[in-house]
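Student: Spelled out from the first residue to the last, the chains are:
There are 4 protein chains.
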Amino acid sequence: MLDKSIIEAENAKRAADLETDFNQLAERLDRKGIDINAIVKRAQGFGVAVPSWGTGTGGTRFARFPGEGEPANIFDKLDDCGVIHTLTRAAPSVSLHIPWDKADPADLKAKADEYGLSFDAMNSNTFQDQPDQTQSYKYGSLSHTNEETRAQAVEHNLECIEIGKAIGSRALTVWIGDGANFPGQTHMGRQFERYLDSMKAIYKGLPDDWRIFSEHKIYEPAFYSTVVQDWGTSLLTAQELGEKAMCLVDLGHHAPNVNIEMIVSRLIHAGKLGGFHFNDSKYGDDDLDSGTIDPYRLFLVWNELVDAENTPDLDLAHMIDQSHNVTDPIESLMVSSIEIQRAFIQASLVDRKALAGYQSDNDALMASATLRAAFRTDVDPILAKARELSGGAIDPIETYRASGYRAEVAAKRPKADGSGGGIV
Amino acid sequence: MLDKSIIEAENAKRAADLETDFNQLAERLDRKGIDINAIVKRAQGFGVAVPSWGTGTGGTRFARFPGEGEPANIFDKLDDCGVIHTLTRAAPSVSLHIPWDKADPADLKAKADEYGLSFDAMNSNTFQDQPDQTQSYKYGSLSHTNEETRAQAVEHNLECIEIGKAIGSRALTVWIGDGANFPGQTHMGRQFERYLDSMKAIYKGLPDDWRIFSEHKIYEPAFYSTVVQDWGTSLLTAQELGEKAMCLVDLGHHAPNVNIEMIVSRLIHAGKLGGFHFNDSKYGDDDLDSGTIDPYRLFLVWNELVDAENTPDLDLAHMIDQSHNVTDPIESLMVSSIEIQRAFIQASLVDRKALAGYQSDNDALMASATLRAAFRTDVDPILAKARELSGGAIDPIETYRASGYRAEVAAKRPKADGSGGGIV
Amino acid sequence: MLDKSIIEAENAKRAADLETDFNQLAERLDRKGIDINAIVKRAQGFGVAVPSWGTGTGGTRFARFPGEGEPANIFDKLDDCGVIHTLTRAAPSVSLHIPWDKADPADLKAKADEYGLSFDAMNSNTFQDQPDQTQSYKYGSLSHTNEETRAQAVEHNLECIEIGKAIGSRALTVWIGDGANFPGQTHMGRQFERYLDSMKAIYKGLPDDWRIFSEHKIYEPAFYSTVVQDWGTSLLTAQELGEKAMCLVDLGHHAPNVNIEMIVSRLIHAGKLGGFHFNDSKYGDDDLDSGTIDPYRLFLVWNELVDAENTPDLDLAHMIDQSHNVTDPIESLMVSSIEIQRAFIQASLVDRKALAGYQSDNDALMASATLRAAFRTDVDPILAKARELSGGAIDPIETYRASGYRAEVAAKRPKADGSGGGIV
Amino acid sequence: MLDKSIIEAENAKRAADLETDFNQLAERLDRKGIDINAIVKRAQGFGVAVPSWGTGTGGTRFARFPGEGEPANIFDKLDDCGVIHTLTRAAPSVSLHIPWDKADPADLKAKADEYGLSFDAMNSNTFQDQPDQTQSYKYGSLSHTNEETRAQAVEHNLECIEIGKAIGSRALTVWIGDGANFPGQTHMGRQFERYLDSMKAIYKGLPDDWRIFSEHKIYEPAFYSTVVQDWGTSLLTAQELGEKAMCLVDLGHHAPNVNIEMIVSRLIHAGKLGGFHFNDSKYGDDDLDSGTIDPYRLFLVWNELVDAENTPDLDLAHMIDQSHNVTDPIESLMVSSIEIQRAFIQASLVDRKALAGYQSDNDALMASATLRAAFRTDVDPILAKARELSGGAIDPIETYRASGYRAEVAAKRPKADGSGGGIV
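Protein chains in written order, with the UniProt record's numbering: chain D, 1 to 424; chain U, 1 to 424; chain V, 1 to 424; chain R, 1 to 424.
The hints are simulated quantities; they were obtained by calculation from the structure and are not laboratory data. Some hints could be false.
Identical copies go unnamed one by one, so any copy, or any two together, can satisfy a pair.
[What the hints assert, rightly or not] Okay, derived cross-link-like pairs now, SDA-like style, lysine to any residue, Cα gap no bigger than 20 Å in a straight line: (1) Lys13 - Lys32; (2) Lys138 - Ala356; (3) Lys272 - Glu240; (4) Lys32 - Asp17.
Using the sequences and the hints given, assemble the complete structure.
Tutor: Dropping the structure here:
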């Protein structure tokens with residue numbers, strides 16, 4: 001665990017400048033009728049889940065280049081998540097991936113408690129074969145033509161729910177890679193029906209206060225067709241399953257050029273938006289760090305969410321889902337948490353009354369300018385102040401680097417090899 | 001009207017070769033257990049609607065280069081459609097576009113009867129302003145912020161239904177260009193709700209034996225967001241309207257790389273597939289001639305349709321929707337009718353029993369090969385034989401050129417100028 | 001011409017707040033070792049050309065919805081450009097489009113002098129037919145199979161040079177729509193050779209102190225292939241023509257997902273970057289307002305330009321090229337000028353020394369954060385101060401609206417109709 | 001090695017039908033003035049190289065699902081390549097990947113001789129770290145900021161040349177994954193210069209009768225920028241290196257919607273087309289089996305190649321580059337060889353004289369129809385006859401399955417595990 005004195009020492013170096021910047025921003029916002037302290041409170045209330053697997057170095061089908069001090073198991077991963085939340089105060093929960101993160105629930109809870117972490121949605125895995133597995137997922141899992149393979153995949157998901165119940169999770173995210181690499185390889189209609197049947201079997205095992213998230217993805221690992229390829233199919237799935245079934249949007253899982261914030265709006269309309277996997281992308285499911293490629297797109301997504309935040313029953317699960325191939329994963333997860341939080345806070349500054357007027361008048365230029373004005377506001381002082389007030393670091397990266405944490409765990413943890421793909 | 005003797009003379013030149021080719025193909029298909037005459041009957045039963053506006057030369061926002069003998073009104077257009085059907089026997093109906101095709105219903109029916117043509121789905125237009133129009137559609141039509149503009153657009157659609165009733169149409173296709181060019185220009189959720197309200201008002205005016213088609217399009221003319229941007233939104237629309245509301249798929253209206261045949265499969269699953277606008281595309285909504293860019297994709301769409309042809313209540317409206325910028329529109333429409341028919345017939349040759357076996361066994365290679373074997377079959381003799389048997393031309397293009405029709409109408413019709421965009 | 005007193009009155013309302021904001025920003029930048037006044041000077045030195053045709057309302061192939069007070073001729077357009085520059089001080093030159101803007105050179109210069117405007121690159125037009133034209137461009141212009149058509153197109157370009165010489169222009173931009181809508185329609189290799197031959201003929205007519213810009217575009221108006229489809233072909237063209245030939249990059253003319261800033265870098269490496277057409281896009285050549293869809297991409301382009309600004313012989317022509325379909329074009333052009341200037345100024349704030357260090361150390365996280373820190377700086381006070389110091393408006397939009405200019409010209413100019421495509 | 005008697009037995013079952021089909025096709029082609037035997041000779045002369053690594057099951061970053069009897073080393077791989085060529089007679093050479101395929105050159109040649117195989121281009125690998133490697137390629141190889149890393153990568157390429165010389169190869173293909181995952185991570189201009197310097201060092205070591213191929217790829221494994229991202233950069237590279245440097249086109253390495261056959265045409269114009277990596281794709285670098293997604297695109301590429309086949313100095317290296325994730329790799333490679341051969345033969349049937357006439361007359365419809373007519377010709381009897389005449393199998397897949405080869409090697413070879421990415 002990080003020594004709090006490091007945070008204090010690093011914060012002390014930056015506190016005066018922060019105060020200046022914060023007061024200047026407060027003055028500018030005040031001129032627009034915005035109370036900066038209310039915004040700071042919103043920032044403090046923000047949290048995004050970290051995926052346990054995100055703490056390891058990711059890779060591609062071409063290679064994985066491990067970093068120093070990679071976590072060897074779920075407890076190492078929780079330690080890393082603890083660092084992230086301690087410094088950012090913006091990542092209070094962890095999302096587990098089964099089977100890799102299986103462990104005694106009491107031990108998991110105890111470790112999480114050390115850092116004030118809770119457990120977010122459970123993630124099942126049926127896109128890899130495990131050594132002891134009876135049926136292979138080479139040709140699919142929940143939608144496989146073989147009944148026994150489907151049953152095995154259903155059983156695995158039910159097990160994820162059981163584990164989740166023991167550690168306080170309240171949701172199951174189902175993403176499958178099932179699809180086809182050739183036209184004709186599968187009967188797309190019957191494959192979807194098999195998928196729905198399997199999902200219904202899982203749904204039956206879902207506790208009343210749980211939700212199940214259906215996550216779509218246009219392609220990869222299947223390269224011709226994918227069972228849940230877009231939000232339309234995800235919606236059909238959630239509709240057929242029932243009211244505990246919701247759609248989850250991963251920002252990188254769409255066709256080129258698709259307007260993602262519009263999908264967000266449509267799923268809100270349909271009452272089926274369940275949550276997000278945050279990341280950024282330029283070409284495909286690149287799993288790049290949130291806000292590093294197209295920060296305005298991230299803002300536009302949050303603009304929809306802030307606009308709809310009073311919608312009855314809208315209860316969103318926010319998770320980061322990235323592949324950190326060339327950075328220290330802890331650093332990337334800290335920065336990403338903050339970038340997501342930044343978009344949320346920028347979207348909170350939109351003058352919605354003025355915007356509604358411009359929209360009503362079809363004053364496209366001023367409506368657009370209203371969004372950009374909020375996006376352009378440098379809310380760094382708000383985010384830093386929120387962290388400071390919550391006991392985190394004014395500058396999480398510099399504080400982390402000053403702490404020597406990575407070198408410390410590198411000395412303790414076994415050295416990882418480069419084998420294996422990027423998803424663990 | 002084309003002189004039948006021209007068809008006979010041209011057919012006479014080609015009849016012997018056709019007989020040879022047909023018999024050879026019959027022998028090859030027979031070896032696979034396929035009765036060629038049953039396939040010829042399927043070809044004879046095929047028909048696709050021609051859009052009245054497709055008989056004029058199309059254009060882009062950069063220019064329109066008119067051709068010789070452009071049709072000046074709906075009766076000229078029906079004459080051109082008559083030529084198309086006379087020669088191909090594959091285009092027995094016409095789809096009208098209001099307001100351009102407004103005319104006395106009795107006159108329309110009389111003219112259509114001359115050629116044995118019927119009237120397919122009606123198309124409303126609210127993406128252009130007409131000279132006499134009270135409210136402008138610059139900022140939208142069915143989803144406009146202004147109630148009066150929406151009412152005007154609803155009224156126009158109801159008028160289309162009235163006209164359609166008088167001429168024997170049974171469906172209304174609604175495509176709107178409403179959307180936004182800037183983030184923030186519209187509130188995407190409220191804009192969709194206004195659209196749905198307008199559609200419900202139109203739906204109320206729909207006769208019991210009619211259907212209404214909702215057509216999605218990712219972009220253009222709106223370049224940031226479009227109200228009905230994808231099949232997910234189209235599905236939501238059809239679901240909210242009721243059982244007479246169906247989704248129409250235009251092959252060129254999707255994001256890059258999207259698997260269109262999969263959307264077809266999903267809409268069939270949802271019981272909401274209503275029909276198609278056929279064309280081909282390489283970059284966007286290019287409206288190129290069907291089957292000229294990616295003929296295998298067209299085949300894969302038809303593979304889904306033939307596979308599902310016994311689905312209860314599946315009743316599809318097929319129309320061509322292309323922009324003929326550099327060809328004689330009559331020629332393009334003839335070739336396109338045949339290319340669509342070709343894909344249908346190729347898909348009819350798929351060995352579905354073998355395919356189902358390969359799919360069940362996850363023999364991806366042979367499943368894929370089974371589709372390609374059908375696609376590879378040169379079914380030209382079947383299509384030509386079907387035309388010959390139905391009184392059409394063995395070679396419609398050569399016969400058309402031999403007829404001198406274009407020169408004849410060029411001499412009679414007023415010369416068109418290059419002004420105006422491509423959509424009339 | 002705008003009454004200066006309006007600018008003064010509007011500026012007076014905003015001067016105090018600007019002073020506060022400016023001083024606060026000066027203090028923050030000073031802490032980073034940046035002298036704000038040097039940056040203000042850079043902003044004052046910035047200028048982007050306005051295309052004459054951009055002052056009219058644009059459209060799509062579906063429709064054009066004209067606005068109030070559309071300019072009826074080049075002198076009206078120059079008046080509008082005068083307003084833009086007067087208020088923003090960032091748009092000091094105008095780019096003409098021939099044949100539409102043909103007029104007596106002395107009159108053109110006199111009108112431009114009124115507003116302190118100069119003339120940027122000339123633009124030829126061979127993608128539309130003019131009423132008096134002998135050869136049609138329906139099947140191409142500079143690359144047409146017909147020698148006389150090519151000669152006519154070459155002649156038109158030479159005429160553009162002559163006009164340009166008379167008004168002080170120093171460059172010719174050649175963009176052609178030549179290509180094909182069908183595989184096979186043209187022989188792509190021979191078509192390119194014909195294009196090169198025509199370009200060589202134009203190049204021969206180029207004065208020694210002129211440059212010729214080759215502009216690539218992936219598609220539209222041709223929908224299968226385009227002669228100069230990407231920067232590779234544009235580079236080949238510029239290489240074959242000679243040292244006065246350079247490549248022009250229009251931000252919206254690329255395939256989906258393409259990394260545009262990398263093309264900028266490559267063309268700088270090749271010594272062939274000549275200039276830009278600025279706009280923004282989400283789907284294709286959407287011609288949306290600069291910086292409204294992906295402002296970070298615009299910043300990344302400018303990051304390359306600022307990084308390379310000391311490259312010998314780098315002399316870039318910057319022009320806006322947008323289609324203003326739903327806004328007042330004057331407003332869009334003012335905002336766009338400022339957004340482009342904003343990206344330039346943000347890029348000027350990048351800590352290049354720190355960045356080089358991170359790059360050298362492969363500290364991807366901090367390198368990326370260094371760019372984002374510059375992008376995030378709200379440089380509005382710098383831009384506003386630059387305008388104020390140069391005699392422009394602190395808030396150009398509000399000042400323009402206060403001036404009543406649009407209503408004034410609407411009363412004087414003839415009412416435009418909605419016919420015609422979007423490109424005039 | 002496959003028992004020839006199996007081929008004979010299987011061919012015997014199919015010879016009579018083939019004879020019928022062949023004669024019928026001969027008659028149809030004869031009517032068009034085409035001598036089928038000349039076409040059969042072209043088919044017999046065709047050959048495409050098989051990549052050694054293609055004989056193993058591929059995978060994605062998510063998982064690899066190995067098949068039965070995976071080759072354990074280069075000699076197993078050569079055995080598999082021997083089967084492919086024995087049955088198809090269309091895959092007479094093998095392309096090695098170093099370091100995996102390193103072995104005693106005499107042994108390699110001896111094994112290849114058994115099957116009549118030769119060695120095609122050598123492939124270096126600097127996108128993975130090897131266990132014994134001093135410098136890591138995590139942040140690049142030939143373009144790395146660290147001089148020693150670049151030197152190591154250059155040295156590896158020189159070693160590949162040495163190995164190639166010993167086994168009769170005549171070319172080196174260089175593909176690197178170098179790039180960046182974040183804007184700012186690398187200085188794109190300096191990174192390219194470092195790459196060029198490294199390539200020049202390799203070029204110096206190239207024998208006079210060798211060629212070096214530069215292969216571009218838009219993205220993956222780098223997800224923001226890639227050093228050789230498109231054919232423009234590949235062309236710049238080949239131009240700077242010299243006349244032995246050529247560009248290699250992998251069909252799956254382009255941005256969405258890009259017209260690949262046009263790039264082929266442009267590289268032929270520039271005198272820099274060196275060869276191909278064949279595969280098919282729907283979304284990205286999917287590495288799917290050639291001709292299974294868009295067979296017409298493959299035909300259009302071959303249409304350019306056949307059109308240009310008499311170009312002086314055009315000497316193309318053709319290789320398959322696919323990832324066989326769900327099929328028996330031997331089967332996929334056999335089918336793919338034949339699909340590539342099919343496109344070549346279909347393109348050989350294009351009536352080029354008629355086509356040139358239509359192009360000259362701008363008869364887009366008939367020009368396009370001329371290409372489609374050739375594509376539509378079912379050339380299966382030609383391909384089968386070519387195989388039969390060359391001693392191969394009329395039906396390679398059925399013959400292979402009848403041979404029991406896979407089960408045989410599965411019994412002998414060690415069982416592969418699922419670890420590792422898809423590229424070995």
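Student: Against this structure, judge whether each hint is valid.
Tutor: Here is what the structure says about each hint:
no.	hint	in the structure
1	Lys13 - Lys32	between (31 Å within a copy, 15 Å between copies)
2	Lys138 - Ala356	between (51 Å within a copy, 19 Å between copies)
3	Lys272 - Glu240	both (12 Å within a copy, 15 Å between copies)
4	Lys32 - Asp17	between (23 Å within a copy, 12 Å between copies)
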